[in-house]
Amino acid sequence: MPSVQTDTEHAVQTRRRGLTYVFTPKHHGVDQNASRWLTGLPLDEEFAVFDRADGILVAPPTDNRQVADAAGNLYGYEVLNSGLQHLRELGTWHQQMAEFPAQKPGAVWHGYPIWPIDQAIALKNYMGQKCRPSVEVFDRMMLLGDLDEGQRKRLKSGDWI
Amino acid sequence: MSRTRLIAKTIDGSPAGADITWAGSNPFEQGLSFGLENGSIVFTSDKTGLWTSYPQMSPSGEAINGLAVIGTHSLAVSTRAEVSFIQLDLPKDCRRAIFRGGAHGVIATKSGYFVSPLGPAGLLVVKPTSGDPQPMNVTDKNEGQLYFSRVAALSDNKGKEILIFANRRNGFGTSPFNGDEGGRHVHTMRFEGIDVIDVCAVAPNSHAAIAISMRAEVLWIRDASRHDDPLAMRLSGVDGPVYRVLATPRHLFVLSSKALYVWTDLVEHVLFNDKAVPSPSPLVLPVKAVGMSLIRDEYLLLVMGANAVMSLAISDFERESAADTEPYSFAILSPEMSQQTKLENLSPRWQFSDVEQRLMAAAK
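Going line by line, the protein sequences match chains A and B.
For what it's worth, the numbering used here labels the leading residue of the first sequence as 1, then goes sequentially.
For what it's worth, the numbering used here labels the leading residue of the second sequence as 1, then goes sequentially.
Derived from the structure by calculation, the hints contain no laboratory data.
A few of these clues could be false.
The calculated EDC-like cross-link candidates involving lysine to aspartate or glutamate, where the alpha carbons are at most 20 Å apart (straight line), are [unchecked claim]: (1) B/110 - B/29; (2) B/288 - A/139; (3) B/288 - B/239; (4) B/127 - B/140; (5) B/127 - B/181; (6) B/288 - A/148; (7) B/127 - B/161; (8) A/104 - A/7; (9) B/160 - B/223; (10) B/110 - B/161; (11) A/26 - A/45; (12) B/258 - A/149; (13) B/258 - A/146; (14) B/127 - B/89; (15) B/288 - B/336; (16) B/288 - A/149; (17) B/342 - B/265; (18) B/288 - A/146; (19) A/26 - A/9; (20) B/258 - A/148.
For reference, chain B alone in the conformation it holds in the complex:
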């Protein structure tokens, strides 16, 4: 594998001249979308090659940290200052509703809701409508209960939805999601010393999920609709605090402040098929990235510390870890960091709690 094949695409700078702070797929057509530090977003089109810029998606001009879309008309954009909801089918003067509180991101559920983790303030849940004003619900009196740093939506093939949360020192939480009913029941699981900072879904039509701590303790949840103890592992030797975890039904991707770690076939082995043989050591790409996204389970987009986005083809990692290829045949992988990183099984003493939360209409 050549270096140029691995780095399929590096985008230096943004067309708007501002630093890229978030990247993902273009939800409207084949292409990418970028959130910028000045509160703008940019959509690229693979078909036309054009870049379309939408300035001031954040009215406060803060850096974009999340973007989600429902259908073809409803868009949500989050920053540390507010969450903006845009109805593209409404007249321009009333198409935007704003929740004036910061969020760590925003996601869309299959059932058509936007959900934002608000840190100590709980969760924001919005069902986009063409009406005015946009109804918004936020957790009532969450202070002192749970910190919500990330959320992922899991849906099985019957449409049953579960939300999974990164609840920091409370571990991870799960909650059946039935839309904006009056409240929710959050079941958290933790062990002593853990600080869960991210969660991710694993496969479509599945309640399987993965949670990760800052210290690279990975929690494998086979079915988030149940309260079974997850399998716990430590990725010993991961350099720097973990920033993000993502997974396909086969592979695990862990981004730390120092490197990207890729365990090919580990997800399939642990969650779906014990017979799959994972690579014993990760592929390690030393990079200073601050965030990452998965594009159609085919590419990883890394948002770099410097103003750039790196696109990595997952098939290249699969080829690299195949038994018949020359190991570490290109310069940018680090065999040293790979050798330093080991999987360790953990047998923690699990603690759980059940928290009832109510929702209230959010002030706008």
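The following block holds chain A by itself, in its conformation from the complex:
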């Protein structure tokens, strides 16, 4: 049973840019071939992943912690301060990161867990998409202090951390 039946806009916008986020049925169980959020992940926490991806302004000094690629796609994750894994699992297939594809100004955003390895050819509805974060995203995560050198290397190799 999908946890989201229809497109549902979250009541809260992101703190930095005021972006609106929508929870989509496709990524909550309707499409078994689509990347899906963990059913145990509350929607508020899914939005928190997006909010962090958009970046939080920390002042002083002003620090934009946005994690994006050159195309403006945002990438979210949650660093765990305790426990075994460094990044929380977000998706049903052990994905530890989420992608939020860039939208036109004013449009609502959505997102989905993204695999460490490219699945475009296997999952036909993703043909033509890159389906993996670019290495610059991992560099950015390290710059923000969220990864060490070894963890960045493992993500670049398609491994979990």
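Add chain B to chain A, keeping to what the hints say.
Below, chain B without anything else, positioned relative to chain A:
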């Protein structure tokens, strides 16, 4: 044992200037091979001392995470973006075939197939040929069934082959391997809460194998061609999540995000000969490594987080754990971490499943 004897060889940096992401033996001659973060590979020769670089083995320029060779002409290289198959005996313009999907690595079977674990997409199986195009088969409709994070090929002395898989929360899976026939039957075994992330073979001409979870639960499989319950142990006290497991017929090597743990003679004791006396505590080398390989059962290569590879002679670990040597006589082993690590026998309630999978020709 001196520190310099244990670290027989540390290679800082790569000749191509890119970070090393994978290391193993040179499949063509005595030496090593390295995969780099820019998609290149480098072969070293012990005989000549030369380093030979092959740029852009990954057309997308992604970090190499696996390399395997069949015979003297067939090479496979994997990254998170694609798997490349190179026939060295073909003209340059048609020697490479590419599967445009990411993999967690690639292995070669004794019967001459490349096998790649594709995560949620299943397995890729390729029998290299000199023909064009290269036929490739991938699991059909695996989504929602099993996640394939690692694979190892086991072969007995009659040539019967078994594949063993790390299937994450489905535990480990085994499947008789008869090449690229239309499908396969995967038998998985798990217990509640386990997350199997790696598997390894133990000895040539043997169906014995070891699987390990992220939380350092070790599953000892005496014969992967049978469906007997494996022996389960927890390596309690292992610091950090487990990244990799490897074994020789005698010793167990477990790499976590914080350290390398070595149990000398434990494999022989558990799988082959109950009379062997294993060391009660592991040797623990605190290192920040991201991967490891075994070289001819003589050396371990550790790919470090920083741009370096560390080579460790297994004979040095054997000497260190021998009863007549002064324990912890060199600085880099951690007696504290060793004392914190214990072997605990587990008696889990095993659950199993049988999954039929079909293969289909992969789009290229």
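Hints, verified against the model:
1. B/110 - B/29: With Cα atoms ~18 Å apart, residue 110 of chain B and residue 29 of chain B stay inside 20 Å; holds.
2. B/288 - A/139: This hinted pair holds, its Cα atoms lying about 18 Å apart.
3. B/288 - B/239: Within the cut-off at roughly 11 Å; holds.
4. B/127 - B/140: 18 Å, holds
5. B/127 - B/181: Answer holds: residue 127 of chain B to residue 181 of chain B is near 11 Å, not above 20 Å.
6. B/288 - A/148: Holds: residue 288 of chain B and residue 148 of chain A sit about 10 Å apart, inside 20 Å.
7. B/127 - B/161: Holds. Residue 127 of chain B to residue 161 of chain B sits at ~15 Å (cutoff 20 Å).
8. A/104 - A/7: 18 Å, holds
9. B/160 - B/223: This hinted pair holds, its Cα atoms lying about 12 Å apart.
10. B/110 - B/161: 8 Å, holds
11. A/26 - A/45: 18 Å, holds
12. B/258 - A/149: Holds, at roughly 13 Å.
13. B/258 - A/146: 17 Å, holds
14. B/127 - B/89: 15 Å, holds
15. B/288 - B/336: 17 Å, holds
16. B/288 - A/149: Measuring from Cα to Cα gives roughly 9 Å; hence the hint holds.
17. B/342 - B/265: 15 Å, holds
18. B/288 - A/146: 16 Å, holds
19. A/26 - A/9: OK: residue 26 of chain A and residue 9 of chain A at ~14 Å, within 20 Å.
20. B/258 - A/148: Status holds; Cα separation ~12 Å.
The structure is consistent with each of the numbered hints, conforming to all of them.
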